[in-house]
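Engineer: Residue strings, one per chain:
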Amino acid sequence: MTSERDNEFRALDLKIAKALQIDVPELKMPELPDVDTVNVASLPVRKRSLKPLWFAVAATVVLATSISVRMSGVFESYDSLAEEVLAHVDHEPGAFRNVDIPVSDERLIRAIPASLATYERGTSLITYAQSCVINGHDVPHLVIQGQYGPVTILLMPEEQIAEATPLDGDNVKGIILPVGKGSIAIIGDRQELLEPIQQNVVNSVSWTT
Amino acid sequence: MNSSSAEGKRRQRFDSLVTVFHQDMYRFAAWLCRDKAIAEDVVQEALLRAWKSLDSLRDDAAAKHWLLTIVRRENARYFERRRLETVDIDNLTASQAALLAETPDRELDDLREAIFGLDDDYREPLVLQVLMGYSTSEIAEMMGLKQGAVLTRLHRARHKLKDSVAEQ
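From first to last, the protein sequence lines stand for chains A and B. According to the numbering used here, the first sequence is numbered sequentially starting from 14. According to the numbering used here, the second sequence is numbered sequentially starting from 178.
Source of the hints: derived by calculation from the structure; they are not laboratory data. Here the structure is a predicted model, which means the values were calculated and not measured. Fair warning: there could be bad hints in the mix.
As the list claims (entries may be wrong) - The following label-pair restraints were derived from C-beta to C-beta distances:
#1 A:GLU133 / B:GLU279: 40 to 50 angstroms
#2 A:ASP47 / B:HIS336: 45 to 55 angstroms
#3 A:GLY135 / B:LEU328: 44 to 54 angstroms
#4 B:ASP232 / A:LYS194: 24 to 34 angstroms
#5 B:ARG190 / A:ALA175: 38 to 48 angstroms
#6 A:THR136 / B:LEU328: 51 to 61 angstroms
#7 B:THR246 / A:VAL215: 32 to 42 angstroms
#8 A:ASN216 / B:HIS336: 48 to 58 angstroms
#9 A:THR136 / B:HIS242: 36 to 46 angstroms
#10 A:LEU138 / B:GLY185: 27 to 37 angstroms
Positions of the beta carbon are idealized from the N, C-alpha and C atoms, including for glycine.
Required output: the full structure, derived from the provided sequences and hints.
Structural biologist: Structure, rendered in structure tokens:
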């Protein structure tokens, strides 16, 4: 009796397997961003656009301070959140473009899942939105256009810090602000007036968790 | 190893994994969300996420599990964002209906529709077991359930399908 039932279910499983084998459309590979290939020596010489990408200088600062750690084999590790933030900004060159095309609401929603945070779009021109990983956590990465070029915003709901941390590079400046149980990094050109942007961003973000 | 060589090898590794597992990723996504267009979106997001965190995959033998877990997570993210309403099987969108595109085999069509109509809680472990070949303990780990709960869901899923097919 049991055997009969087993056979019945085995036959059903074969049919289920067949039913589940739906047609698969041709693979459409998404545009894959540059990723740090865990190769220290190569990072400073990566080819860049001839246009002045001032964010690139941040990498030099980060690498100069972290190279001893990296050379020791502890790849992909950073001494501090500040270093990782600056390194991340450098390694996502797609974000650095000076453009005036806003990202779609759809893209913004994808970059900032409701499970992490909500973001009031407001009047800022958001030209880049991507979900990234920093320190093992999902981090929405936005770029808005400031007076002197792109301004990077990293929403880090799981990175709690005790106090504001300034970010300093040759041609960039920024800050990581403690916001509730998380923090927000804002990085722009040295000439950029970041304070009003900070205020806007902090007022626009609510953590979900 | 220089940068371009490392990047090239990384990309080659990624392409190989995607070539092997793309079909599984898509089918899993499609049966999770029951919508072909959404499944394509979910797979795109999953590929992007997999690319970024490829270095965390130490052993390519674990790639299928790793990729399907990413698909599962991306699907959950999608529905968290959208808070989509329950699918009404009598009033499907074109993209949902595409999943049930008719075949010359009537019995297969009926079974596919019955699977489509299963609750998520039943459909997912069934797909993982029958289509992806996972054991109940692996499914339990993936879904954050006890193995007994997975067994119960699988048992009920099969009975529901058996009854549905018998009614057709």
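Engineer: Does each hint hold? Answer for all of them.
Structural biologist: Hints and how they fare:
Taking the beta carbon of each, GLU133 of chain A and GLU279 of chain B are about 46 angstroms apart, inside 40 to 50 angstroms as hinted. Take ASP47 of chain A and HIS336 of chain B: their Cβ atoms lie about 51 angstroms apart, and the range 45 to 55 angstroms holds. For the pair GLY135 of chain A and LEU328 of chain B, the supplied restraint of 44 to 54 angstroms holds, since their beta-carbon distance comes to about 51 angstroms. Take ASP232 of chain B and LYS194 of chain A: their Cβ atoms lie about 28 angstroms apart, and the range 24 to 34 angstroms holds.
One distance hint, 38 to 48 angstroms for the beta-carbon pair ARG190 of chain B and ALA175 of chain A, holds here, with the actual separation near 40 angstroms. Distance hint for THR136 of chain A and LEU328 of chain B: a CB-CB separation of about 55 angstroms, consistent with the stated range 51 to 61 angstroms. For the pair THR246 of chain B and VAL215 of chain A, the beta carbons lie near 34 angstroms from each other, so the given range of 32 to 42 angstroms is met. For the pair ASN216 of chain A and HIS336 of chain B, the beta carbons lie near 54 angstroms from each other, so the given range of 48 to 58 angstroms is met.
The given range of 36 to 46 angstroms is respected by THR136 of chain A and HIS242 of chain B, whose C-beta atoms sit roughly 45 angstroms from each other. In this structure the hint that LEU138 of chain A and GLY185 of chain B lie 27 to 37 angstroms apart at CB holds, the actual value being about 36 angstroms.
Comparing the model with each numbered hint stated earlier shows that all of them hold.
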